[in-house]
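A.B. asks: So you can see what is in the structure, the chains are spelled out below.
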Amino acid sequence: MINLALSEKRPVTSVQVGDALPERELTPDNVQLFLYNAVLWNAHRIHFDEPYAKDVEGYPGLVIAGPMLGDWLHQCVEEWLGDSGRLVSIEYSNRAATYIGETLASGGTVIEVSPAAGEVRIEVFIKNAAGDVVTPGVATVMMEAQ
Amino acid sequence: MTTLLSDELLANIGRQSTPHRELVTRRDIRKYAIATGNRQRKYLDGDQAPPMFHVALFWDVVELEELTPDGVSIDSLLPKFPLERAMAGGLKIDYLKPVHPGDWLTATRTLADIYEKRGRSGPLIFYEVDMLIVNDAGDPVIRERTTRILR
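Protein sequences, first through last, are from chains A and B.
Take the position in the first sequence, starting the count at 1, then add 325; the result is the number in the working numbering.
Take the position in the second sequence, starting the count at 1, then add 1439; the result is the number in the working numbering.
In isolation and in its complexed conformation, chain B is listed as follows:
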């Protein structure tokens, strides 16, 4: 069977991002809770971060010239894939510890896997990115695995 995945492409499995350390603030929690339509006071007041707040906390803050004209930033963790149209994606998230304002969190992303499947209308490439978030004591706080499909 022919494959779209060259050895060179597969050699990217295991590649890691530079660890990214961010401060959790009450103001950022409040903005996130309000924008998502949250209805719980502890989140709206910023006393605790709601689940998925880490998505906003660790979204890349890129400079204007790093954005494409479409407004998209290029994920430097990913190699160039032979298929480019992104389809649905999936997430698995484990919440190990609560997050509060004042916490410093560090996220490290790893390109965990790249594999191919044959879809009804042709080949599909799957890739998986793991994000591990730890506190300053080194304890895991959140674990996330994202799976994306390209066709």
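Here chain A stands alone, though its shape is the one from the complex:
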């Protein structure tokens, strides 16, 4: 596991519109999906019963839980931000389903910097292997002025 004791604190003035957040490849498997839904107490069969997911609900495979994709947007922002600020708000939507076996990626781009308020807005995404954005969002973080 990489150590993400993140770099030195950065002020809001070090951030510019267009800055890209590091992309992360995500390859969730059955074990991770099982643990996630167990933690939630979510027993919906589309997440662990492949014949059910395909034959009854008509999905091509086991469906990755929507809120887990949302969580990865948060991780993308927090890993980039480190100790330089705080994630205060996020908006996102699950536009399309994703399935076990797919390779996904998280990432983002700074779209607005308000130095006086210490506020930065970031467009974030989860993409599938085809490059389609399946979970778009916008996060707001607060950073220190100096």
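Don't read these hints as lab results, they were simulated from the structure.
There may be inaccurate statements among the hints.
Covered stretches of chain A, going by a simulated chain B footprint (3 or more residues, C-beta under 8 Å) [as the list claims (entries may be wrong)]: (1) 362-368; (2) 384-395; (3) 399-412; (4) 419-425.
No residue lacks a Cβ here, since even glycine has one placed at the ideal position from N, Cα and C.
Could you slot chain B onto chain A? The hints should help.
C.D. replies: Below, chain B without anything else, positioned relative to chain A:
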């Protein structure tokens, strides 16, 4: 214009769930952080709850007989809608205070709105559920608005 939304259905707007109080534990935080593939030590060790931990903390712990054969629990806050196929949903979350092990948090859910739009392939029903999470001092900790679409 005809509408799918009867006055009886719309009368459910404003309906609230019973407040739900839960204890944040280090063990539950660790499980959540590991299952989501988190890479930050403070979360993996359970020193602080990562954002969205509240999703797990306040997911209904229902008994086996309350689950449908599909493994789904029925959300008692929601009325029966005339459309049933759920499409994509959206979330807006405000994080107002950090969450640590030992915190007691109370969540109250409100059915905030029900409205209709005409989609390309027919009518769509939107509904919005607000969840307000407060600590024992009554301070807001997290505010969440979920929007869901039925077709």
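A.B. asks: Run every hint past the structure and note whether it holds.
C.D. replies: Going through the hints against the structure:
1. Judged by the Cβ-Cβ criterion of 8 Å, the region 362-368 of chain A is covered by chain B as claimed, because 6 of its residues qualify and three suffice.
2. Remark: the region 384-395 of chain A is confirmed as covered by chain B, as 4 of its residues place a Cβ nearer than 8 Å to a Cβ of that chain, reaching the required three.
3. Counting residues of the region 399-412 of chain A whose CB falls under 8 Å from any CB of chain B gives 6; the rule of at least 3 is met.
4. Using a Cβ-Cβ cut-off of 8 Å, 3 residues of the region 419-425 of chain A lie near chain B, which meets the minimum of three, so the contact claim holds.
No hint from the list above goes unmet by this structure.
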